[in-house]
Amino acid sequence: MGVTCVSQMPVAEGKSVQQTVELLTRKLEMLGAEKQGTFCVDCETYHTAASTLGSQGQTGKLMYVMHNSEYPLSCFALFENGPCLIADTNFDVLMVKLKGFFQSAKASKIETRGTRYQYCDFLVKVGTVTMGPSARGISVEVEYGPCVVASDCWSLLLEFLQSFLGSHTPGAPAVFGNRHDVVYGPADTMVQYMELFNKIRKQQQVPVAGIR
Amino acid sequence: MADVINVSVNLEAFSQAISAIQALRSSVSRVFDCLKDGMRNKETLEGREKAFIAHFQDNLHSVNRDLNELERLSNLVGKPSENHPLHNSGLLSLDPVQDKTPLYSQLLQAYKWSNKLQYHAGLASGLLNQQSLKRSANQMGVSAKRRPKAQPTTLVLPPQYVDDVISRIDRMFPEMSIHLSRPNGASAMLLVTLGKVLKVIVVMRSLFIDRTIVKGYHENVYTEDGKLDIWSKSNYQVFQKLCPPGAWRFSHGNSKTSSGGVGRPGGKTQQVTDHATTALLHYQLPQMPDVVVRSFMTWLRSYIKLFQAPCQRCGKFLQDGLPPTWRDFRTLEAFHDTCRQ
Ligand SMILES: [Zn+2]
Numbered sequence: 000m001g002v003t004c005v006s007q008m009p010v011a012e013g014k015s016v017q018q019t020v021e022l023l024t025r026k027l028e029m030l031g032a033e034k035q036g037t038f039c040v041d042c043e044t045y046h047t048a049a050s051t052l053g054s055q056g057q058t059g060k061l062m063y064v065m066h067n068s069e070y071p072l073s074c075f076a077l078f079e080n081g082p083c084l085i086a087d088t089n090f091d092v093l094m095v096k097l098k099g100f101f102q103s104a105k106a107s108k109i110e111t112r113g114t115r116y117q118y119c120d121f122l123v124k125v126g127t128v129t130m131g132p133s134a135r136g137i138s139v140e141v142e143y144g145p146c147v148v149a150s151d152c153w154s155l156l157l158e159f160l161q162s163f164l165g166s167h168t169p170g171a172p173a174v175f176g177n178r179h180d181v182v183y184g185p186a187d188t189m190v191q192y193m194e195l196f197n198k199i200r201k202q203q204q205v206p207v208a209g210i211r
Numbered sequence: 000m001a002d003v004i005n006v007s008v009n010l011e012a013f014s015q016a017i018s019a020i021q022a023l024r025s026s027v028s029r030v031f032d033c034l035k036d037g038m039r040n041k042e043t044l045e046g047r048e049k050a051f052i053a054h055f056q057d058n059l060h061s062v063n064r065d066l067n068e069l070e071r072l073s074n075l076v077g078k079p080s081e082n083h084p085l086h087n088s089g090l091l092s093l094d095p096v097q098d099k100t101p102l103y104s105q106l107l108q109a110y111k112w113s114n115k116l117q118y119h120a121g122l123a124s125g126l127l128n129q130q131s132l133k134r135s136a137n138q139m140g141v142s143a144k145r146r147p148k149a150q151p152t153t154l155v156l157p158p159q160y161v162d163d164v165i166s167r168i169d170r171m172f173p174e175m176s177i178h179l180s181r182p183n184g185a186s187a188m189l190l191v192t193l194g195k196v197l198k199v200i201v202v203m204r205s206l207f208i209d210r211t212i213v214k215g216y217h218e219n220v221y222t223e224d225g226k227l228d229i230w231s232k233s234n235y236q237v238f239q240k241l242c243p244p245g246a247w248r249f250s251h252g253n254s255k256t257s258s259g260g261v262g263r264p265g266g267k268t269q270q271v272t273d274h275a276t277t278a279l280l281h282y283q284l285p286q287m288p289d290v291v292v293r294s295f296m297t298w299l300r301s302y303i304k305l306f307q308a309p310c311q312r313c314g315k316f317l318q319d320g321l322p323p324t325w326r327d328f329r330t331l332e333a334f335h336d337t338c339r340q
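Those sequence lines, one after another, are chains U and A.
Letter 102 of the first sequence, counting from 1, is numbered 101 in numbering that gives the first Met the number 0, and no numbers are missing.
Letter 203 of the second sequence, counting from 1, is numbered 202 in numbering that gives the first Met the number 0, and no numbers are missing.
One or more hints might be untrue.
[Stated by the list, open to error] With a cut-off of at most 30 Å between alpha-carbon atoms, the simulated DSS-like pairs for lysine-lysine come out as follows:
id	chain 1	residue 1	chain 2	residue 2
1	U	34	U	108
2	U	105	U	60
3	U	34	A	232
4	U	34	A	49
5	U	14	U	108
6	U	98	U	14
7	A	99	A	195
8	U	201	U	26
9	U	26	A	315
Worth flagging that the hints you see were computed from the coordinates, not collected in a lab.
Please put together the full structure from these sequences, using the hints given.
And the structure:
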């Protein structure tokens with residue numbers, strides 16, 4: 000895989016999430032991008048079980064268990080600011096067995112689904128982020144396949160993002176900044192999705208109905 | 000045999016001419032005898048004078064007659080030895096004991112062979128001169144005796160020499176690692192890793208670069224059985240643009256000849272313009288193949304900034320989704336393929 004940037008596209012004023020997604024994908028198609036199937040990234044939150052916490056008012060860490068359709072045989076387990084574990088999909092079954100230590104947060108499942116677009120060596124995924132029945136926002140992922148070092152191609156990525164996101168072009172993702180000359184990996188993308196989902200969770204629910 | 004008959008006829012004329020000379024000499028000596036003896040004793044002075052003059056006249060006539068006869072015969076004799084193709088050696092054919100000394104027929108054979116040899120050597124020399132790799136015109140014309148120096152046969156350099164050249168180049172560029180292997184016998188294959196940007200498989204013929212395949216840093220360069228994969232191309236258009244799709248030979252030519260992809264801007268299909276090939280055509284120098292390899296590697300190294308260098312003409316990173324994939328041979332500046340003209 001190449002270097003990937005995940006960002007949020009705000010919903011256009013007076014438009015629904017779906018309409019904004021359509022605007023964006025039309026722009027991509029005008030640019031010459033070609034549709035290449037669909038994608039899905041999901042995330043479930045786990046609390047540390049109360050029984051394992053100490054008595055001194057310790058707050059439980061949150062663990063996120065994620066899947067990415069780009070890696071159908073893998074399961075990602077991440078802590079906030081912590082390590083990222085890449086495991087087989089059997090990991091989901093293991094989580095059920097670990098109920099005593101990690102408990103699934105109720106109605107915490109958040110996911111983004113949408114269409115993949117290919118433009119030259121760029122892979123663009125525009126997705127609708129949903130929590131339960133409601134659409135909560137739009138995710139835009141851009142991957143530049145040939146390059147493996149984030150700092151090498153950020154300027155190039157930025158130029159591409161500007162070509163179809165205009166004023167909504169994001170800044171460099173946090174995962175790009177702290178490591179120089181390190182090979183970018185799938186976990187870095189999952190961290191970006193985790194951060195995006197957390198940001199969207201905190202945002203007010205967009206009053207849109209009947210998106211699904 | 001015709002020669003022999005011809006000569007025998009001349010010989011007859013020869014013997015007649017010899018007797019004619021004898022006759023001439025005797026008639027000339029009779030003239031002098033007549034003069035020496037003077038007038039014979041006759042009754043009258045008048046009678047003596049008359050008889051002397053008549054005798055003298057007769058003698059002169061016979062000299063004249065013999066001289067004419069000699070001249071006639073000498074025309075018949077001719078110049079046989081000068082007309083013969085072998086000049087005087089043709090006289091060997093007169094030897095009557097052919098069986099014991101077959102010198103003449105042997106000489107004829109030798110002459111024929113030598114003639115043929117000269118003719119074929121002339122043809123070969125003309126052909127070889129046409130194919131000469133040297134461009135200076137004064138090779139054969141100035142001094143035909145001096146043979147042109149043999150071309151350095153760079154295709155048969157010892158492997159140890161190739162190894163040395165490659166390892167020297169490897170040490171020259173710290174951001175580039177070159178791994179040499181010989182999976183298919185004598186010709187070397189290089190796996191060049193340029194930073195964390197790209198990998199190039201270089202197929203060598205001795206020190207000539209025969210084929211290059213450019214791939215991404217994270218792309219697989221080995222086949223399933225662990226050999227270098229010299230046939231499959233990169234999945235990314237940016238590397239395909241750097242990478243030639245087919246095999247080609249290292250040959251004379253200028254740098255513009257292989258830029259075949261200009262005619263299809265923004266083509267989504269395979270990019271045909273292969274800059275690595277163009278570079279090979281540019282850096283050709285048959286006499287000094289190690290310089291060629293070094294120049295090629297210097298040029299290749301400029302791709303360390305493949306994703307970081309904006310185009311020197313339009314100032315942008317992307318054009319049709321591709322970064323500036325062209326590097327100027329002299330300045331090594333980055334240009335988009337369409338911005339370099
Ligand atoms: Zn340009």
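Verification of the hints:
no., hint, in the structure
1, U/34 - U/108, "27 Å, holds"
2, U/105 - U/60, "16 Å, holds"
3, U/34 - A/232, "23 Å, holds"
4, U/34 - A/49, "145 Å, violated"
5, U/14 - U/108, "25 Å, holds"
6, U/98 - U/14, "42 Å, violated"
7, A/99 - A/195, "89 Å, violated"
8, U/201 - U/26, "29 Å, holds"
9, U/26 - A/315, "20 Å, holds"
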